[in-house]
Amino acid sequence: MALLTETPVPPPPARDPMLPRIARVREVRADVPEVFTLEVELEEADRAGLAPFTPGQFNMLTVFGVGEVAISFSGDPAEQRRLVHTIRAVGPVSAALTRLRPGDALGLRGPFGAGWPMAEAAGRDVVVLAGGLGLAPLRPALYRLLAERERYGRIVLLYGTRSPEQILFAGELEDWRRRFDIDVAETVDHADPDWRGHVGVVTTMVPRARFDPANCVAFVCGPEVMMRFSVNALRDAGVAESAIYLSMERNMKCAIGFCGHCQFGTVFVCKDGPVFRYDRIGHLLALKEF
Amino acid sequence: MEGLEGIVGEHRFFAGLDKAFVNLVTGCAKNVRFEAGQYIIHEGDPADELYLIRHGRVALQITSPGRGAMTFQTLGEGEIVGVSWLIPPYRWSHDAKALEQVRAISIDAKCLRDKCEADHDLGYEMMMRFVPVLVGRLHATRMQILDVYGASH
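Chains as they are written, first to last, in the numbering used here: chain A, 1 to 290; chain B, 1 to 153.
Careful: at least some of the hints might be erroneous.
[Stated by the list, open to error] Stretch-level coverage of chain A by chain B, calculated; a stretch enters the list once three of its residues show a Cβ under 8 Å from a Cβ in chain B:
#1 157-171
#2 184-191
#3 194-205
#4 222-232
What the hints contain is simulated information worked out from the structure, not anything from laboratory work.
The C-beta atom is built at its ideal place from N, Cα and C for all residues, glycine as well.
Construct all of the structure, not just a fragment, from the sequences and the given hints.
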């Protein structure tokens with residue numbers, strides 16, 4: 001009997017992580033002044049091998065002829081075909097992204113990075129502390145928390161921003177506030193006399209919030225100054241440093257830990273983060289050189 | 001009086017305060033209520049009383065010509081309205097307005113200052129509780145001035 005030997009089929013070559021896929025804009029929504037939400041979908045032929053994104057990860061988005069920029073996912077991880085990113089127009093690339101219109105093409109690499117520790121949050125209270133545009137990278141985590149509500153203890157969302165006009169995702173915040181299974185508190189730094197809500201920095205909301213500091217995790221995202229003070233408020237409330245996670249932002253270029261642009265001490269924000277446990281990077285936050 | 005002592009002693013701001021001190025503070029205290037829209041303190045007035053909020057929300061405001069009353073902080077249950085009672089010239093530097101019905105404990109500031117003067121241990125306790133409020137509000141003001149949510153951050 002002849003022994004047939006099969007020639008092993010070589011695996012398909014791994015996709016070059018520096019090669020963008022082609023995506024099309026489905027929708028552009030103006031959220032608050034200078035902030036837009038861009039919903040894109042990959043072309044069908046370019047979907048092969050795409051890994052699902054998890055809350056806290058980011059994509060590198062390219063406007064051809066202008067440049068590439070790192071933008072966090074802000075959409076629902078249950079809807080992997082709709083890739084949603086919320087962008088503030090601050091530089092040439094982000095401004096060009098906000099000028100795209102439905103049907104326009106853009107480049108997309110990702111998803112990249114380590115996201116929010118959803119598994120670690122199971123069975124514990126979850127404090128979501130967001131500042132300004134920092135609510136956008138936290139929204140996928142909130143979708144996941146609410147979709148798997150029974151897995152978690154109390155869920156508390158504390159959101160601070162500059163003024164009532166700058167409240168991001170105001171409609172969703174209102175919807176969440178009406179639910180009985182999440183505590184939502186928002187505050188603004190400045191308000192005119194018509195505003196009936198809270199005024200004051202977001203850190204002042206921590207002592208007022210109801211959660212178990214001995215059995216919780218805290219997800220914090222916002223400007224770095226706000227995150228530093230938020231960590232102080234959480235520690236003052238009794239939350240362990242090992243239970244606090246921050247989403248860091250640095251100058252991410254290659255997104256795979258090669259170029260070193262986003263090096264932060266001994267870690268790369270793009271590859272080892274952007275979400276870090278505070279006790280692993282806290283000592284670096286106080287260093288002005290970083 | 002027994003009831004008021006319990007309320008003062010259980011207020012978050014006085015948590016853990018020695019019972020003898022609670023008695024001294026309660027001797028200067030009374031229950032008060034403010035309706036929505038009512039002013040609790042006025043800028044420029046003598047800081048004769050301070051308030052421990054038991055229920056409801058209070059807006060701290062400064063009025064600016066042409067802009068009206070600008071709220072710079074809101075306070076709620078367990079918090080304090082008024083720290084100027086502790087520091088000369090004992091005069092309010094802002095308004096405080098009830099945003100909804102507010103129930104509070106009002107403490108006669110001169111009465112408490114006199115007791116702190118007579119009993120420095122009580123004075124030290126009051127300092128240890130009010131100075132963190134002052135420092136916290138100073139930090140919060142710094143963050144508001146920094147405008148950390150601006151595009152440059």
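For each hint, the structure was consulted:
1. A stretch counts as covered by a chain when three or more of its residues have a beta carbon under 8 Å from one of that chain; for the region 157-171 of chain A and chain B the count is 4, and the coverage holds.
2. Using a Cβ-Cβ cut-off of 8 Å, 4 residues of the region 184-191 of chain A lie near chain B, which meets the minimum of three, so the contact claim holds.
3. A count of 9 residues in the region 194-205 of chain A with a Cβ less than 8 Å from any Cβ of chain B is obtained; the coverage claim is therefore met, three being the minimum.
4. Look at the region 222-232 of chain A against chain B: 6 of its residues bring a Cβ nearer than 8 Å to a Cβ of that chain, three or more, so the hint holds.
Going down the numbered hints, you'll see the structure goes against none, and every one checks out.
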